[in-house]
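J.: Chains as they are written, first to last, in the UniProt record's numbering: chain A, 1 to 299; chain B, 1 to 283.
Derived from the structure by calculation, the hints contain no laboratory data.
A virtual CB, placed ideally from N, CA and C, is assigned to each residue, including glycine.
Mixed in with the good hints, there may be bad ones.
To be verified - Chain B is faced by these chain A residues, among others (derived, beta-carbon under 10 Å):
1. S132
2. W173
3. T193
4. K206
Stated by the list, open to error - Stretch-level coverage of chain B by chain A, calculated; a stretch enters the list once three of its residues show a Cβ under 8 Å from a Cβ in chain A:
5. 48 to 57
6. 67 to 74
7. 154 to 160
Stated by the list, open to error - Below 25 Å or equal to it, Euclidean Cα-Cα: the simulated BS3-like pairs (lysine-lysine) are:
8. B/K90 with B/K152
9. A/K160 with A/K261
10. B/K152 with A/K282
11. A/K251 with A/K261
12. B/K82 with A/K251
13. A/K160 with A/K206
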Amino acid sequence: MLHYLISGLRVVSDFPLSGVAESAFSADPEVHIRRGPLPDTLGTPVLAKPNWMLSEQDFLLRMPGIARIQVSRGCLITLDAECSEADAMPFLLGTAFGALLHQRGILVLHASAVSSNGHAIALCGPSGAGKSTLAAALCQTECNFIGDDVAAIQLNTGGKPVLWPDSRSHRLWADTIAHLGLSERQGQSVRNTIQKYHIEPECEAKAMPLSTIVVVRIAEQAGQTAAIEPCSIVDAAALLRAEVYRHFLAKCMGRDAALFKQISDMLSQVRVLRLTRPREPKRLPETLALLRQHIAEAH
Amino acid sequence: MVGSIVWLASYMKSGNTWLRLLLANLLSDSPEPVNINDIRLSPLSVTGRADFEELTLIDNSLLTLTELDALRPFMIASIADKLESVAYIKLHEAYRRTANGEPLLGRSHARAALYVMRDPRDVAVSLAFHSGISLNEAIDQMNRPDWSTGTKAWRYSMQLPLVQLDWSSHVESWIDQDDVPVHVMRYEDMRADTVAALSAAADFLNLDVSLKKIAHAVRCADFCRLQQQEREVGFCERPPVRGEAAPFFRSGRAGGWREVLTTKQEHAISEAHTRVMARFGYF
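Pulled out of the complex, with its shape left as it was, chain A reads as follows (with noise of 0.2 Å):
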């Protein structure tokens, strides 16, 4: 059995989760990950959509060619894969565990983390937005990387908001790694059949205070200049609520209420910028000398 921190939960796997450190803990498991046969449906389904779909306690993912995915009872991850398990894994540690996570109640954002002062900066967007590559550049700089794609949440025993990243390597298309001149650091791809690849070393599972939310969004126009805005708290909780890691799937899963009250309760606590990015790659040092700018003054 192979032992891993995800998302601050203790987790064991029958097989390697690539692209993840493993961890060492003595406690019990919170979290069990094995393989084995899967239906293409769930006994009683509450909601079935064309390739997933939602019982009670359970989430049944299915990507033909690929594999099917059980998620139940927020402690147990079955894998059913088509192709190598590798190949599977982006999938598993992506989606299937964030709905492990909603499972269990736990806020959890689609954002790259790094850290700046003992915090934690959450960026968030959704894909394609630029998380991961404006991640990569701050950590070329002051920052420290923590965390990609999925982000939890939680209050500690003070009540204050903090970031578990998932234990994931930071992951980059083959043109950032070009562009930011990463390419002594490029490890594994992240599936055989494309070009993006684990970033070295890889991170350390460590919660972290969490200070800031940035939501990126792609300028809606050419040639449009990087601004960046706080947020009101009124504006920032529903803002956020399209942040939440596969909001469409907590919905269906009912968890709107309590997301509401979660997101509310962290923003009395974290600020929020709303920073938008020209849409031409080459103009990438103009919206990090703002996002810098505004990371400093937190201190």
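Given the coordinates of chain A, assemble chain B onto it according to the supplied hints.
T.: Relative to the frame of chain A, chain B by itself:
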């Protein structure tokens, strides 16, 4: 007719956007022309990665084309599931099937397809201007049996890969399939008598619209008006291309290729597509 989707299919630069504007104006309740940057014919896209990811819960940028193809019928079913009224969805994809023989677009969700076809010699000219490529590159693209874009994943793209095939294969993939009833609209016929062409399409779709409404829609989507709107406010669907690109609504003429293509270029197109061009009266 059953199904909640009407496909508006065409090879690139064949008049699909004009057809969308004609339909949008026909279905609009407002007497004002529809804003070219706000064509509300479908609430969802079938070619954008974001909608695909939201509905299927899968980061599709990590998939191979074969894996993506296998998921496309699920995606179309998910979209159909969310639609509250008939959606008119633009598509440049050739009509294709998964490795298991299932239509990529599913079997039961489409009520019909309108296929817009244009003389490939005019398409070549328009494609070159639109994409900022040479005429020879445009012709090469139209003649390549396996032409596709976005299938080699080395960076994130907002759009799903597009498999368009060569011009003839694209035309026949749509017109000769028998999963979805299809109505062919030749661009040249649309230009010659737009009211008649739109009336025929409306009849095919069983739309209950008056001739007066059709004539109004045709006036609202008049090419000069579209060009004027683009000059004044720009057009959000015009892609960023190499160098200075022409406006999206550039000329719209039928037969303009005669003034642009060399004899050699004209032959390169006519010889590659003789059978299909003859079948649809382009000689």
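J.: Hint by hint, say whether it matches the structure.
T.: For each hint, the structure was consulted:
no.	hint	in the structure
1	S132	holds, 9 Å
2	W173	holds, 5 Å
3	T193	holds, 5 Å
4	K206	violated, 25 Å
5	48 to 57	holds (count 7)
6	67 to 74	holds (count 5)
7	154 to 160	holds (count 5)
8	B/K90 with B/K152	holds, 23 Å
9	A/K160 with A/K261	holds, 15 Å
10	B/K152 with A/K282	holds, 22 Å
11	A/K251 with A/K261	holds, 14 Å
12	B/K82 with A/K251	holds, 14 Å
13	A/K160 with A/K206	holds, 15 Å
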